[in-house]
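Asks: Sequence:
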Amino acid sequence: SLGYRAYLVAGLDASKFTAADGLRKGRYKGNKSKAEDLAGVARLEYATSAGISLGVTGYYGGADHSTNGAYDVKVGMGVADARFKRAGFDLRGVFARVQVDGAEDAAILSSQNVGEAMQGWYGEAAYDLLRRDAKEDSRRSLFVFARYERFNTQEETPSAYTADPANDREVITGGFSFRPIEKVAFKTDFEHWEDGADQTLDRFNLGAAFMF
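Each residue of the sequence shown is one higher than the one before, starting from 7 at the first, in the working numbering.
Everything labelled a hint here was simulated from the structure, so no lab data went into it.
Just so it is clear, the structure is predicted and the values come from calculations on it, not from any experiment.
The reader is advised that the hints may include incorrect statements.
As the list claims (entries may be wrong) - Cβ pair distances, simulated, as ranges:
| hint | residue 1 | residue 2 | range |
| --- | --- | --- | --- |
| 1 | 15 | 55 | 31 to 39 Å |
| 2 | 33 | 11 | 18 to 26 Å |
| 3 | 39 | 99 | 40 to 48 Å |
| 4 | 11 | 213 | 25 to 33 Å |
| 5 | 202 | 99 | 17 to 25 Å |
| 6 | 129 | 33 | 19 to 27 Å |
| 7 | 42 | 194 | 42 to 50 Å |
To be verified - In silico PhoX-like links for lysine-lysine, alpha-carbon gap of 20 Å or less:
| hint | residue 1 | residue 2 |
| --- | --- | --- |
| 8 | 80 | 31 |
| 9 | 189 | 91 |
| 10 | 22 | 40 |
| 11 | 22 | 35 |
| 12 | 22 | 38 |
| 13 | 22 | 80 |
| 14 | 40 | 80 |
Note that CB positions come from ideal geometry on N, CA and C, so glycine has one too.
Using the sequences provided together with the hints, build the complete structure.
Replies: This is the structure we're talking about:
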């Protein structure tokens, strides 16, 4: 099957962009959203009965709300993703690249060395240990998973700035996810972080989630 969708949304806020977190803090929340700058989003998805799904997403819009033309910041984003889910296996991967047109203006608005280009990807493999013993009417699952990700929020910087190697990061994660029913999950994992400045961080996480 082939699916597609498109949205018109409020643009991001360049004054909240940071060197380490990239665009993350530039997202508006609910009724606090400004709409002087708009953005377009489009997605195309292709899925097969064999458990393979592929997708591409594009985003482009302004991010310099209420600056009356004194600053000009545009953000473009491209994402590609793939997934294979069958016979207890769940394999997935994502690649994303962000281009900030007017990163110099974004740096002035945010007082941060905002990256001109940001890039990241990850690959993840999981297997359901309960699949062989599960009855047809049982939806219990216990996934063991491992993930490798690499991302850099300063993949490229304006010529007037120097990238911080600490923003070039890789993360290795492994753990378990137990679902007693389809829409409830309990998760535990261990993360090992390392960056381009040879700094490391190890972290143990516990979590619970449900869908409604």
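Asks: If a hint holds in the structure, say so; if it does not, say that too.
Replies: Hints, one by one, checked against the model:
| no. | hint | result |
| --- | --- | --- |
| 1 | 15 <-> 55: 31 to 39 Å | holds (33 Å) |
| 2 | 33 <-> 11: 18 to 26 Å | holds (19 Å) |
| 3 | 39 <-> 99: 40 to 48 Å | violated (31 Å) |
| 4 | 11 <-> 213: 25 to 33 Å | holds (29 Å) |
| 5 | 202 <-> 99: 17 to 25 Å | holds (22 Å) |
| 6 | 129 <-> 33: 19 to 27 Å | holds (25 Å) |
| 7 | 42 <-> 194: 42 to 50 Å | holds (44 Å) |
| 8 | 80 <-> 31 | holds (16 Å) |
| 9 | 189 <-> 91 | holds (17 Å) |
| 10 | 22 <-> 40 | holds (13 Å) |
| 11 | 22 <-> 35 | holds (13 Å) |
| 12 | 22 <-> 38 | holds (14 Å) |
| 13 | 22 <-> 80 | holds (14 Å) |
| 14 | 40 <-> 80 | holds (15 Å) |
Hint 3 alone, counting from the list given before, is not met by this structure.
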